[in-house]
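J.: Listed below, chain by chain, are the residues.
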Amino acid sequence: MKDRFESENISVVYCPTEEMLADFFTKPLQGSLFQKFRDVILGHCHVNTLIKSPLSPSEERVENLLSRKFRSGVSGQTSEVQANENITEQKEAASAPTYPSILKKGVKWAPVTVHSF
Amino acid sequence: MVTNVIEKFEAKFGKMTVTRGKHPVLLGMDITFNNDGNVTLLMKEYLKEAIADSGMDASRVAATPAKRDLFAINEKFEHLEKMKGELFHTIVAKLLYVSKRARTDLQLAVAFLCTRVSCSTEQDWDKLVRLLKYLNGTLDLALILGADSLNAGASWVDASYAVHDAMKSHTGGAFSLGRSALMCKSTKQKLNTKSSTKVEVVGSSDYLPNVIWAKMHLAEQGYELPDNVFYQDNQSAICLERNCRASCG
Chain W
1 MKDRFESENI SVVYCPTEEM LADFFTKPLQ GSLFQKFRDV ILGHCHVNTL
51 IKSPLSPSEE RVENLLSRKF RSGVSGQTSE VQANENITEQ KEAASAPTYP
101 SILKKGVKWA PVTVHSF
Chain B
1001 MVTNVIEKFE AKFGKMTVTR GKHPVLLGMD ITFNNDGNVT LLMKEYLKEA
1051 IADSGMDASR VAATPAKRDL FAINEKFEHL EKMKGELFHT IVAKLLYVSK
1101 RARTDLQLAV AFLCTRVSCS TEQDWDKLVR LLKYLNGTLD LALILGADSL
1151 NAGASWVDAS YAVHDAMKSH TGGAFSLGRS ALMCKSTKQK LNTKSSTKVE
1201 VVGSSDYLPN VIWAKMHLAE QGYELPDNVF YQDNQSAICL ERNCRASCG
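Protein sequences appear in the order of chains W and B. For the first sequence, position 13 matches number 13 in the numbering used here, and the numbering has no gaps at all. Add 1000 to the 1-based position in the second sequence for the numbering used here, that's all there is to it.
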């Protein structure tokens, strides 16, 4: 195989799972990933749309943190940084469930004990 | 030019029926040549026939061709009666034809059902009905074939480990020139392997001939493919393919 890759000038490249088109032919996919791959495979969307997939919430969070760190090093942009922080805090507040609503549902919180080793 | 070719054919083979134009119908496929250079393939009538054969309730639809447990086999289910088993075989064979042409999105489910035709059970029948339900909801979905450039090709290869009976694995691959997967493959692997990395290597070795074929096929027509990328999602498999024995631990 190595010989073939070299003689035919084919480059082997790593591809993350979200862009792995061949997953469609090996796993029974469901939901949005199924539709995304189906549209590409049947030619309704361009192959490049695979790569421009929207970031997942966790990736967005990391990017926010990174940009915040980067910006805090630059002087004269503190107000913008603060505004940005406020926005993320609001987002978190909106997404995180408030305690009373959970307690109403009857969830019992087990006491947390911290063992020291 | 085309008339000239047709005349030469007819001189050699006798009178033929000739269809010309931008919307021919060939072997159950409705082909449309679009003005933007793409070709659309639709097999609606053929699929309707398959759904009618099954005697399924035509109002039911599903979002995907298979549930998550597509590969799960439960031995407790009863085998199909002779008549129903034969019907199962016929419909699966019909869908196999469709899946290799206009509806490549069915390939995974059909590939699995094809491995079950000789010992089909009620569970397999349920999976077939699920597939037909999906088809029922997506009868108008067509395959659009096209290419962005004839200089850059991309192929994706993946494998899933030990999903079939007797610990056999499954290979999937696709090749594209920018729009739509031009050559797709979804098959059960022929040999048993002991690790998921080896499965990936076997998978790419299964699919590589297709890529080389496509490359040579285009080269014969005067289009060299200088930029050819082979996408894999397993780093260890990539190392093995790049370095051969040097990466074997």
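A couple of the hints might just be wrong.
Below, a list of computed lysine-lysine pairs in the PhoX-like style, where the Cα atoms sit at most 20 Å apart [as the list claims (entries may be wrong)]:
| # | chain 1 | residue 1 | chain 2 | residue 2 |
| --- | --- | --- | --- | --- |
| 1 | B | K1168 | B | K1190 |
| 2 | B | K1044 | B | K1100 |
| 3 | B | K1048 | B | K1100 |
| 4 | B | K1084 | B | K1094 |
| 5 | W | K36 | B | K1084 |
| 6 | B | K1048 | B | K1094 |
| 7 | B | K1168 | B | K1198 |
| 8 | W | K2 | B | K1198 |
| 9 | W | K2 | B | K1215 |
No lab work stands behind these hints: they were computed from the structure.
J.: All hints are to be evaluated individually against the structure, with a verdict given for each.
T.: Structure-based check of all given hints:
1. B:K1168 <-> B:K1190: 7 Å, holds
2. B:K1044 <-> B:K1100: 15 Å, holds
3. B:K1048 <-> B:K1100: Distance ~17 Å between K1048 (chain B) and K1100 (chain B) Cα, so the pair holds.
4. B:K1084 <-> B:K1094: Satisfied, since the Cα-Cα distance of roughly 15 Å is no more than 20 Å.
5. W:K36 <-> B:K1084: Not satisfied, since the Cα-Cα distance of roughly 35 Å exceeds 20 Å.
6. B:K1048 <-> B:K1094: 11 Å, holds
7. B:K1168 <-> B:K1198: With Cα atoms ~12 Å apart, K1168 (chain B) and K1198 (chain B) stay inside 20 Å; holds.
8. W:K2 <-> B:K1198: Between K2 (chain W) and K1198 (chain B) the Cα gap is close to 15 Å, so the pair holds against 20 Å.
9. W:K2 <-> B:K1215: Distance of about 17 Å is within 20 Å: holds.
Violated hint: 5 only; the structure is consistent with all others.
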